Every structure is written in structure tokens, then in C-alpha cells.
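Top line first, the protein sequences correspond to chains A and B.
Residue numbers for the first sequence follow the numbering used here, beginning at 1 and rising by one.
Residue numbers for the second sequence follow the numbering used here, beginning at 1 and rising by one.
Calculated directly from the structure, the hints in this document are not laboratory data.
These figures come from a predicted structure and were not determined experimentally.
All C-beta atoms, glycine included, are put in the ideal place defined by N, C-alpha and C.
Watch out, some of these pointers could steer you wrong.
Here are the simulated DSSO-like cross-link-like pairs (lysine-lysine), alpha carbons at most 27 Å apart as the crow flies [to be verified]:
hint: 1; chain 1: B; residue 1: K89; chain 2: A; residue 2: K809
hint: 2; chain 1: B; residue 1: K89; chain 2: B; residue 2: K42
hint: 3; chain 1: B; residue 1: K89; chain 2: A; residue 2: K758
hint: 4; chain 1: A; residue 1: K19; chain 2: A; residue 2: K155
FRET-style restraints, in silico, Cβ to Cβ [stated by the list, open to error]:
hint: 5; chain 1: A; residue 1: P491; chain 2: B; residue 2: A84; range: 58 to 66 Å
hint: 6; chain 1: A; residue 1: D92; chain 2: B; residue 2: Y80; range: 53 to 61 Å
hint: 7; chain 1: B; residue 1: Y80; chain 2: A; residue 2: T875; range: 44 to 52 Å
hint: 8; chain 1: A; residue 1: H652; chain 2: B; residue 2: P149; range: 36 to 44 Å
Some chain A residues judged to face chain B by a derived CB distance under 10 Å, without partners named [what the hints assert, rightly or not]:
hint: 9; residue: E607
hint: 10; residue: V679
hint: 11; residue: H745
hint: 12; residue: W749
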Amino acid sequence: MSTRLATGGRLINKSNTVKFRFNGKHMHGYEGDTLASALLANDQMLVGRSFKYHRPRGIVAAGPEEPNALVNLGSEGKFEPNARVTTTELFDGLRAESQNHWPSLEFDVGAINKHLSRFLPAGFYYKMFIHPRPLWKHVYEPIIRHSAGLGRAPKTRDEDTYEHFYAFCDVLVVGGGVAGLEAARAAALSGARVIVLEQTAHWGGRTPVDGGEIDGAPAQTWIDATLAQLAGMQNVTLRTRTMGAGVYDHGYVLGYEQLTDHDPDKPGPRHRLWRIRAGHVITATGAIERPLSFAGNDIPGVMLAAAVRDYVVNFGVSVGDRTVVVTNNDDAYHTAFALKHAGLDVPAILDARDIKQDSEVMTQARALGIRVMMGHAISSVKGGKRVTGVTVCAQAGEGAVLEEISCDAVAMSGGWSPVVHLWSHCGGKLIWDEVNACFSPDPDRPPKGADGGQFVSTAGAASGSFQLDDALNDAFAAADGTLRCLGMKLPREAKAAKGSRREEAPMAPVWLMPQGASVKLREKAWLDYQNDVKVSDVRLAAQEGFVSVEHAKRYTTLGMATDQGKLSNINGLATLANALGEAIPNVGTTTFRPPYHPISMASIGGEARDAVFQPIRRTPMHDWHDANGAEWEPVGQWRRPYAYRRGGESTHDAVSNEVKNTRENMGLLDASTLGKLIVKGPDAGKFLDMLYTNMMSTLKIGKCRYGLMCNDNGFLIDDGVVARIDEDTWLCHTTTGGAESIHAHMEEWLQTEWWDWKVYVANVTEQFAQIAVVGPNARKALEKLGGMDVSKEALGFMEWADGEIGGFKCRVYRISFSGELSYEIAVNASVGLAFWEALMAVGEDLGLRPYGTEALHILRAEKGFIMIGDETDGTVIPQDLNLHWALSKKKEDYLGKRAHLRSHMADPNRWKLVGLETVDGAVLPDGAYAVGTGKNDNGQRNMIGRVTSSYYSPTLDKGIAMGLVHNGPDRMGEVLEFPGTDGVTYSARIVDPVFYDKEGEKQNV
Amino acid sequence: MSDPVSALKNATYVADIAEIKEVGPVGMITLRGDLASKPVQKACMTAAGLKIPQQRHCFTQDGNSIAWMSPDEVLIICAYDDVAAMLGKLNNALKGSHALAANVSDARAVFDVSGPSAREVMAKLAPVDLDPSQFTAGMFRRTRIAQVPAAFWMPQEDMFRVICFRSVAQYVFDVLGVAAQPGSEVGVFRR
Chain A
1 MSTRLATGGR
11 LINKSNTVKF
21 RFNGKHMHGY
31 EGDTLASALL
41 ANDQMLVGRS
51 FKYHRPRGIV
61 AAGPEEPNAL
71 VNLGSEGKFE
81 PNARVTTTEL
91 FDGLRAESQN
101 HWPSLEFDVG
111 AINKHLSRFL
121 PAGFYYKMFI
131 HPRPLWKHVY
141 EPIIRHSAGL
151 GRAPKTRDED
161 TYEHFYAFCD
171 VLVVGGGVAG
181 LEAARAAALS
191 GARVIVLEQT
201 AHWGGRTPVD
211 GGEIDGAPAQ
221 TWIDATLAQL
231 AGMQNVTLRT
241 RTMGAGVYDH
251 GYVLGYEQLT
261 DHDPDKPGPR
271 HRLWRIRAGH
281 VITATGAIER
291 PLSFAGNDIP
301 GVMLAAAVRD
311 YVVNFGVSVG
321 DRTVVVTNND
331 DAYHTAFALK
341 HAGLDVPAIL
351 DARDIKQDSE
361 VMTQARALGI
371 RVMMGHAISS
381 VKGGKRVTGV
391 TVCAQAGEGA
401 VLEEISCDAV
411 AMSGGWSPVV
421 HLWSHCGGKL
431 IWDEVNACFS
441 PDPDRPPKGA
451 DGGQFVSTAG
461 AASGSFQLDD
471 ALNDAFAAAD
481 GTLRCLGMKL
491 PREAKAAKGS
501 RREEAPMAPV
511 WLMPQGASVK
521 LREKAWLDYQ
531 NDVKVSDVRL
541 AAQEGFVSVE
551 HAKRYTTLGM
561 ATDQGKLSNI
571 NGLATLANAL
581 GEAIPNVGTT
591 TFRPPYHPIS
601 MASIGGEARD
611 AVFQPIRRTP
621 MHDWHDANGA
631 EWEPVGQWRR
641 PYAYRRGGES
651 THDAVSNEVK
661 NTRENMGLLD
671 ASTLGKLIVK
681 GPDAGKFLDM
691 LYTNMMSTLK
701 IGKCRYGLMC
711 NDNGFLIDDG
721 VVARIDEDTW
731 LCHTTTGGAE
741 SIHAHMEEWL
751 QTEWWDWKVY
761 VANVTEQFAQ
771 IAVVGPNARK
781 ALEKLGGMDV
791 SKEALGFMEW
801 ADGEIGGFKC
811 RVYRISFSGE
821 LSYEIAVNAS
831 VGLAFWEALM
841 AVGEDLGLRP
851 YGTEALHILR
861 AEKGFIMIGD
871 ETDGTVIPQD
881 LNLHWALSKK
891 KEDYLGKRAH
901 LRSHMADPNR
911 WKLVGLETVD
921 GAVLPDGAYA
931 VGTGKNDNGQ
941 RNMIGRVTSS
951 YYSPTLDKGI
961 AMGLVHNGPD
971 RMGEVLEFPG
981 TDGVTYSARI
991 VDPVFYDKEG
1001 EKQNV
Chain B
1 MSDPVSALKN
11 ATYVADIAEI
21 KEVGPVGMIT
31 LRGDLASKPV
41 QKACMTAAGL
51 KIPQQRHCFT
61 QDGNSIAWMS
71 PDEVLIICAY
81 DDVAAMLGKL
91 NNALKGSHAL
101 AANVSDARAV
111 FDVSGPSARE
121 VMAKLAPVDL
131 DPSQFTAGMF
141 RRTRIAQVPA
151 AFWMPQEDMF
161 RVICFRSVAQ
171 YVFDVLGVAA
181 QPGSEVGVFR
191 R
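Put together the whole structure using the sequences plus the hints.
Below you can see the structure in the form of C-alpha cells.
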């Protein structure tokens, strides 16, 4: 059984007991424990069930590579699924629940799958669920969905907060082990700005556990001194609990800082996402130990050798009283020594290698009385929910059992793989290291930046330098090289720290144990613990033709679980290589993608939630609208009143009443959101003639003209009223959504194409509050407020004037988008609300009622005015909308003119704008299609037109619509069929799109 | 005519690690023109007593400031009531040269973010290197605050003056408040 030892545990504080619960069971650990060490200390070997076969699973590792021990953490607003117990720091009151079991962890019905494993081979889902097709949606998909995923999805809103932080440095060191610290120290000596990120709460990495000396002193002494030195340097930033998650182009790196996960009651954000721009990145990310593939290697109690050592040394926790060590290298012997040192039993070291001469560790092991069995392997592990023993065989054979050793833990080591993820994210290549049987970063093919220079280097074990002295030398060299890349220099007196060296026998690659394991054994030899991929599955994939490692991965799901194959990757592709008879480097690796280890979705969102989820743009009158019954409509990021409900009015009634009232009395519209661009310069007229399809240079000062804008492909992109202000100044109104994009459109043409034209543009949209005063009483209201002359004679239709109304300085445009007598009045935004209120007050006796965007739409539709975004959708040209009159024939060129000559644009078969009126007065569904005769190639009914906007017209008391119809204008009076999605087919007659006041008399009074 | 009202009526929020205050109304004139040309330089001097700032700087003299916005744009900042007169002088001085000057005072909102952690609050929202060795009083950045365009400079140490569009004043005020929440000190900027 696993338990807490009486002594040991360099990271725990035994004077501070911490209480927690696992599956409702009360347990306790100590301050400094991880959830993993605390669970083991409470003899909780079984921590989860595997994904496919629901096999019992225990903790395998001690770091982020852990594939098995994922739990649901916390509850309600603090709930988090798939938390790794090995990276979760213990805190008082922690509540964890194991995942993927039913009804309980101890007794799981799903485990029956393991007896069916013969029928659930690789690619099972692909093979099984394809036919018959109709079963997919209602039978197969629900079953697969039910069994998918490990953790539960959160149901309550996250009560924590998150944030981003932008940081900049010359050198970013990822990893705070001895190599990272040495690289940071060296780089910082040059004066470079250095940031060091360490994913755990502790500095020094594995070295304090693994031992060794640096500069003649115990490693911990050097670590402490170096940390103190770095902390004292102004150019160095040190962060623990911050993982380097991903390396991106241009030296952009994401760091994931966990601020309160270890102390949830602490105020402040839970996670902080560091968005770092680094001149150069040094990845000192260490290495991960590989499991060995033998039968039963997933039974709880089978653990990585280094993890067993970590639990003893760091946390004073023993995984078992009797631990069999199985290895292909010398490093695992240190686990045996650590266990012995803690007073625990190591009945045997099974060393798969065939080495005649004992190495230092072998001699030492024998001296400690440990039975070292060279050339031996595990045939299979005994036990169900925990290890009870192992059967031993010769590595060279097929698994014939030589003897059985009873034990309660197995420490396995298949060698070490450098953590190459961050090196690989931006294209760093790998080479196969024959000596250590691992992929290492290829220094000759590094990730390169925009300037073609290297921008990522590796240091220490991440480079494949596993010996302490090599690692420190490598780190120092990485710093040196990095500084050269940056055009900086190490001080002449700087020297590398000197590490000690162990004399070791070479490791031997072992990809299957025993070498000739039978099918029966291979079916129990796990490669990917989380996704239940076995040696036999990868072999089957190879046999079925999945020769590419990327295909085999997807077919078998190897490495596709939340651990992203940190343990399984190399073993899996070595297995694939063997099955294919290829060399491992020829098979290659799958792609390493960020993040290195899962980061919270919320950290990516950062502060963007609740009130600041996204910016909401408000006009100066926003609060008034809000207080006066406005129902809001999002228009881009603006909020505009859709309608103002009064008393008990329904929204529909409010809209109808607003329309009628505006036609009969007077309405007010907040038009502040419309874009306002000043275009000025000697070439401004020429410029606007190019941008608009009609002529703007000839517009007289004091006059307004409606204009259309096309892009260079001829499609309509915007419309609005242009006013000539003075000799070389125009003011262009754009649509609400077009203010920024048309401004950018103008700047683009000015900066890239007509860079020598003398034109400046300024976006003054928000400088003004603009209010449309609309309806028969509009003039009366303005006259009552007093100030400037707004009579027909002084200010005619399509004219503007500066002046003062009611004491407000303003610019008045006599333009109408409703067909009524209408003034659009611009005042400074800072007095917008005051002016609005003055108008409301004066209009009280004149039947004034404000109206919203829906009434605006109906008013314009009754007049047959088009709306950008309704009648246009990016594929519509002015000719489609019968706007030929706005296409200048005098101008030699304008944007879109040439495009309109293309055969498709000039095609007489293009659908054209018409009015539509249902025969029974009903409202046509917006977007409905008119159907013709016959069917198209896909067996669908042929379509001959569609509705572009459709409303109930209160003025006419019937449905009105506009639409684009094939040969529409030539088919006046014809009735078309529009099948709706509601099962009803609507019949509508083609009519003139101007439904109201065809002569335009009402606006011109 | 009514008194001008800034977007948030000079709202203040004393957050845990910084103070956020709307400052308004503030006079602002955008001037587009060839910044290297004599008439533009002379106009700025005549109208506001200001010389053209260096790239990414804001130059202040006698209460007026001028900020570098782009290779052909500066922003003149002055008392709200001085704008009309200053704009008149600018246009007068620029007569005959190609330039565009416009009053944008009401198109903007202005905030002061102050306190010992002000740098950190800003660095959570703006992708700008705010290390004390890199960003000092008098420097100016045209950038973004979280999801909206913004510009800022430091009139003095530990105080940022932030300009954004008027329509998003509430958003900027709120998001600065979130970034200044209790317990969110980062502790990286050392002087």
C-alpha cells in the first residue's frame, strides 16, 4: 500500500495539516503536497477509469505528463473538470471526484468493455458506425456522445476572474530547473532583460531529487544562491506557477500563471495569461521519462521510476513497501537507492539490458543487497485495482515466466525524452539521438524569425544533455548563443557553472517487453493510458495500411487525449516503426502544437466577460433612451433603440404607432451613429468622384447629394448623403456600420494608390450628436425653438446650413430618409442630450414621439429606399437596384466602373429590385425565395428571386416587401410563390417598390 | 447653449490598486498635414505655442499638449473653451497650405489612471512595453485598451492619461476597473 513515511519530504510542511475530500471521503495531507502525493499518502492508488475500457487507473507520473489521474475539482462556480492531480497543489477544503466511472470508482459497469476489448480494436468507431447510415444520427451518435469525454462540463458560471498581461523582454527562459537558471543567470549578466517562467511552485527542477553537485557544493546550495542573485537583478523577472504554454511567430509566447489555484480564497484573478514578446526564447523544459510497454503496465501501482523517487524525496510518500524496478538505463537505479534509503524494500531490479560489466550503479545496488537481474523483463503485472506482483521473463524471449515476485509497486523507466514541444511549435526540427534513443532538437534547424535568424534555443535536458555537467554547459552556451543572436555579449569574465558527472552504462532502447511478446501480452501492453491504445492497436493500424504517423495517430487515437501523448508518443511511433520495419527517424513524429499543457479557456478570454465581454458603443442620448422604454437593437457594436414602448404597448404596436405618428405629426430619431467623414484637400473632389459612382466634385457649396459607393469589384458597399462644406471640403455620411470601414477604405486608396493626391480624411463621427427631426410638424418645432431660418426658401430640400437653434450651435441638413419633411441636425456630442431634451420639450404640443430603428426601416421601405445590408449583401451592384441614375456616365472612371463591364455584371439575367405585395395583405417572410418551374441539378426547385426586406406597413395597413427577382421590373403585376419555412406558401404580386407618396411631395414642403 | 457634458460626467472609481477618473471635457484638435513642413510647424507654434513632437511622444507646454499620432497627424490638447479660438488661429495660419484641422473634443473621452500600480493596470490591457526603462513621462502610444482603440501618455510618473472614443467611455472605464481589482498586482515593474 502507499503511505506517508515517517521522515523525508523536502517540499512538505508537516506542521500544517491540510484537509481535503476525494469522492466524498475525508483525507488529509500537508502543506506543500500535490493532490497526487496526498492521495498516495492516503493509500488512494485507484484514482480513475480509462476512457474506452474503464480500466482501473492509478497515478503514473509526478508532473504535467500524468495521463491517468484527472479529477473533477471543486463545485459550482469553482468547478473544474480534468484537473491533473500531479499539477494540483493541495489546499484546505479541496474536493475532488474521480471521472469516467459509473456507478462508482470501485465498481464500474463500463469496465465490462475490457472483456469486449477484442471487439473494440483500433478504428472500431470508423468501421462499425458507418453503416447503415440512418442509424448514425439517432443511435450511434448519442451512444458515442454519451461515452465521450472524461470530466463533466461545468454547469454553473465561473465565479473567478482572469486577466492578461503584456510583457516584453530580450530573453525569455522557459523552465526554472538548473539549466534554466544557469541560462538566465548568464543572459542577465549581459544586462539583457530576462524573464524566467517556472511551471511549478519550486525552482531547481529535478536536480534536488536526482542529486549531484554544482560548483563543488550540493545542487540546492547553488540553486538558492543563483535565485538570490537573479532576484536582486533589476533586469530579471522570475515567475513561479507560470507555464510557457506556446511559442508563436515573432517571438510571441504565452505564459500561463496560476495565481490562486493553490489558495482559492486569495483575492484577485485566478489565472493570468502572459502575452510575451521576446527577442529570443530559451526552452529549458527538461525531459520526460518514458514508460515501458509490458503487459499490465497500466495497473495502479505501476509508475514511472522518477515519479516514485519524487514522491519519496519531495513528499515523503512511498508508493509501496516492495517496489520492483524495471529499466533499460542506469537512472532508474537511483529510485531503488532512494527507496532503500527510506527503509523500503526493493526485491529486484529487472534490467532489460545485456551488459557484461557492472556500471557504478549496478555495483552500488548489489552492495545494498538489491537483486539486479540483467537481461530480464516483466512478463506481466499481477493484480486488478492494484499491483500484487510481477512475473519475470527474459527480455530476449517471448515472455515465458521464470519466476513470480510479489510486490505492491513497479517503478519503470524506458529512458528519457527531451521536452521538445516549445522548440517545435514554430518549426524547430528534431534529430534522432541513437545513444539516448530519443528525439532531440536539431541545433542546425532551429525555429526562425521574420529576419531568418534563430529565435528559439534549448538548454539542458531539453537539448538532450542529460548529465548535470553537460546540461549546465549547454545552458551557458545557449545563453551565449542567444545573446549573439540579439547582438549582445556575455561579459568576458562570465563562466559556466560546473556540474558533477556520473559514470553510466549506455541505455538500450526497449520498445516492447519482452522483445517477442505474444499477442496476448501485447493486448495488455498499454501505450496511451488515457485513450486506451495498446501495442496491438498500433500494430493493427500498421497492418491496415496506416503507414503515416499522423494517420496512425488519428486511427488509433494515440496521443490524442488531454495529455497529448507526453508519455505515449515516442513509444507509439517506435512501435509503429517496428511494425513497418522502418527506422524510427523515418517514421517521424506527430506535430507538436500549443498549448504544452491544457490552459483554462477563461484565461484566454481574460477580462472579457460580463459587463466588459465586448465594448458596447453608446450615443450621447443612450441613457435617455434607456430610461424611456427603449428596446435595444445591436447595430455593430452600437446599441440603438429598436422602438420605445409606451404604457402597455407591445413592441409591434409601438413600432406601428411610431411610424404613423411620424407621418402624421412628428418623430425624433437618434442618428448619431451614422458615419461622418471630413474629406479635404485640393484633390478631394477628384478623390470623391473616384469613390462614389456619381459626381461629387460638381456639388455646390451648401448642397447635399445622395451617393453610392462600390468596391473595385463593382459591388455596393455603402451609401449616404454627401455635403459640400467649402471649396475643398466635403462631409461624407456613411452607414452606421460603414463609418470605420469606409474611413479605412478611403485611407487605403489614399495611402496605396493615390498617394500623391492632396487629400486628408478625418473621422468625426463621434464629435456630433445627430438628430433627425421628421414629420409634418418638424419645421414648427424648430421655429418654436427659434434661431436660424429653416423655411423652405432659406433651407431647401437637399441643402444644409450652419446656425443656431434654441441656443445650440448646429449644422442642419435638409435630407429625408422617410419621405417626410425632415431635418437632420448635428450638434456637439457634449450637448447632444440637452438638445434632444429641448426638442422633446418643444415637441410635446406637436405630437412628438421618438422612433427607433424598426420604424426607420418601415418608413424608408414604404418609400422604396434601399438599405445597405438588406437590399445589398456583398453580391449586389447598383444596376440590380435600378440605381442607374446614380452611375455617372460623364466620369471617365470610378471604383466599380470597370467591374460593371464584366459579362456577369452586365448580364440581363441578374435579379433586379421590385416591390412585393402579398395578395392577402400578409407579411412575407424575410429572406424567402420565389420558386419557378422545374428543378436544378441538386433536385431542388429552381429559384427566381428572394425577399430582401419585408415589413408590416402601418401606413398602408398591409405587408410590403422588396425583393430581387429575375426580370423583375418587366414582370409587374405577376404573382410569385414564396414557400416559407413555416409550411405556408405565400403569394405576392410584383409591384413598384415605392409604396407611398410616389411623387415625393411630402418631403419637399 | 447648455454646458458641455463629458461621456461619464467625470466619474471616478477608486479601485484597489489604482484610481480611475474621467477628466472632461477636454479640448482636442486633430491636425493632419506634412509635419515636416514649415507652415504646419509654424501654425502649431502660432496657435498653441507648441512644436511638433518626436515620433511617439507627447510634448507639453503651458498647459497645452501636442501628441504624435502618425507621420502626418498630431493631436493638440488644450482647455475645452480654447478650442474654437485655437482652431481659428490654426486655420488662419494654414491658409494656402494643404492640411486638415478639426475639433474632435467631443468625439473622445479622457481618463486618468493613477497610483503605484498604474503601469501594471495599463499593461494588462494595452500591448505596450511599459517597463520603466522603456516608457517614460512624455512618451505617447497610440494603441488599444483591451478591445477598443486608445492612446495614452504619462504626464508624470505613476499617472497615465488615456484617450478613447466617446462611445466606448463606459467600456474603458469598466475595463480599467476590472484590471485594477484587488489582489491583482503583478509586481514586475521595478525602478
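Hint-by-hint comparison with the structure:
no. : hint                        : result
1   : B:K89 / A:K809              : holds (20 Å)
2   : B:K89 / B:K42               : holds (11 Å)
3   : B:K89 / A:K758              : holds (22 Å)
4   : A:K19 / A:K155              : holds (26 Å)
5   : A:P491 / B:A84: 58 to 66 Å  : holds (60 Å)
6   : A:D92 / B:Y80: 53 to 61 Å   : holds (56 Å)
7   : B:Y80 / A:T875: 44 to 52 Å  : holds (47 Å)
8   : A:H652 / B:P149: 36 to 44 Å : holds (38 Å)
9   : E607                        : holds (5 Å)
10  : V679                        : holds (9 Å)
11  : H745                        : violated (17 Å)
12  : W749                        : violated (16 Å)
Comparing the model with each earlier hint shows violations of hints 11 and 12; every other hint is respected.
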